[in-house]
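A.B. asks: Sequence:
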Amino acid sequence: MTDTDRLLTKYSKIANSLIGRIESGEFPPGSKLPSLRKICLFEECNLSTAVEAFGILQERGFISGRERSGYFVLPRPELYPKYKLEKPVRVPNPSVPEEVSSLMSELADPGFIPFGAAVPDPQFLPYSSLQKAYKKSLKDSQVYKYSDAAGILELRKKIAIRSSGKERRVRPEEVFITLGCSEAAFLALSLSTKPGDKVAVESPLHFVLYQILSELKLKAIEIPTDPFTGLDLQSYISVIKKESPKFLITIPTFSNPTGSLMPLGSKKELLKISSKYGVKILEDDIYGDLQHNGGIRPSSLLSLDAEGIVTHVSSLSKSVNPGLRIGWMISEQIKVENARRLRLAETISLPAIPQLAASYFMGSLAHERHLREFRRRLGGLVLSYADSFLEYFPKGTKVAIPKGGFLLWIELPRGKDSRVLRFQAAKKKISLVPGNLFSLSGKYVNNFRINAGVLMGPKVISAIQTLGKIAKEI
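Quick note: to get this note's numbering, add 116 to the position in the sequence shown (first position is 1).
Be aware that one or more of the hints could be misleading.
[As the list claims (entries may be wrong)] Pairs of lysine-lysine residues, derived as DSS-like cross-links and limited to a Cα-Cα distance of at most 30 Å, are as follows:
1) Lys-396 x Lys-362
2) Lys-126 x Lys-148
3) Lys-357 x Lys-559
4) Lys-357 x Lys-451
5) Lys-335 x Lys-248
6) Lys-384 x Lys-588
7) Lys-396 x Lys-544
8) Lys-357 x Lys-388
9) Lys-519 x Lys-575
10) Lys-451 x Lys-519
11) Lys-251 x Lys-310
12) Lys-585 x Lys-511
13) Lys-261 x Lys-282
14) Lys-575 x Lys-544
15) Lys-154 x Lys-519
16) Lys-255 x Lys-335
17) Lys-310 x Lys-261
18) Lys-532 x Lys-559
19) Lys-588 x Lys-511
[To be verified] Across the chosen pairs, the derived CB separations fall in these ranges:
20) Glu-359 x Gln-174: 18 to 24 Å
21) Glu-462 x Gln-350: 51 to 57 Å
22) Asp-313 x Glu-385: 21 to 27 Å
23) Pro-574 x Gly-136: 32 to 38 Å
24) Leu-157 x Arg-287: 54 to 60 Å
25) Asp-533 x Gly-573: 43 to 49 Å
26) Gly-141 x Gly-573: 51 to 57 Å
27) Ala-224 x Lys-255: 32 to 38 Å
By construction, these hints were calculated from the structure, which means they are not laboratory data. Ideal placement from N, C-alpha and C gives every residue a C-beta, glycine not left out.
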């Protein structure tokens, strides 16, 4: 046996030993493994061998590394939802359930535990850096003028640079600043469709996008998704051939609500299919900057789009500060010009101060430092939430573990109704979003969405325990 063979045997043995200890329950989901230094001492090996062993565990999905924190055990795949991909569902006249209004009231109530609100904990926000950006903006002469109807040029330049990719170089003239991502999506669809047009939508999908479809009187066709890889492409092709939709609405990078991430190859295939059949794409990329564990930012559809079929919408609401209300639409220049005309007729321009502050912040090292730290902390926090829900909820509960963002899509055992859970939870001042709101056809009644971006503490743990008790009783 060569020295190389001995080394391979050594780190394989260490990896298999750790897997056995994980599967036996010695290291349960969410627990921290011994450090690499301790492994070296216990196993009498060098550091490179220990690193190789941990690499095997990461590749096989047993553990996840957290920067400056160590390695933690992931929930096992058998605890993940195994969705049966359903057939596409046509919804001729989309409407949003009445309970959305009461839900929004709960989300605005500071007395509620905000599991229902898809916003990060205030402690994650870069207050001091934003304050410096605001102070700097107050000294800028542009703050005393009407800004360009499409948005302040410097901000549009910075967004264009950050949004560009190898296949698509975005120009500032293709960027239109909006009041958050929702306005951007509304503009994109209202400028490209007319009442009665068919729109394909991934399902489940964020209910605000359904509200937009309802307001614009568009006909929706729901396309099933996988909770890990996103839109089912075969179902998409089937819908195109049968229904000839004008648009596709998708959140391919860390979707809301499932957190799914469409693989790069699937994103490229989606663009090919859409180009072939003449379907335009509305890409919501609002969580795209929030990949966990310091990995490379996943490519957006826009950055891969060489054909010009993607309209891209996003904002700083999830990654920097929801109070800034800075969003944007990136699309062909003619659509931006049409949006400019609408704004001139309605409001002339947006307030200059938030735009200038956003521009100064996005152009600073503080922005990248903030994102790096935010991503690092999110990865561990989301895993801790998943572990807590699996611990306190009924046996058979399943959690989809996302690779980015801060949302968890949780599946209750068969027969449990998330609508009942939501109303019972509201009595205890705990908010959550029942799964039926993410479908226009009433699906996902045993699913619900949780905001795992709230820092954990005794109050949050107690709320999860309370939800678990309610879930066992309903």
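A.B. asks: Of the hints given before, which are not true for this structure?
C.D. replies: The structure conflicts with hints 5, 6, 7, 10, 11, 13, 16, 17, 20, 21, 25, 26, although it agrees with all the remaining ones.
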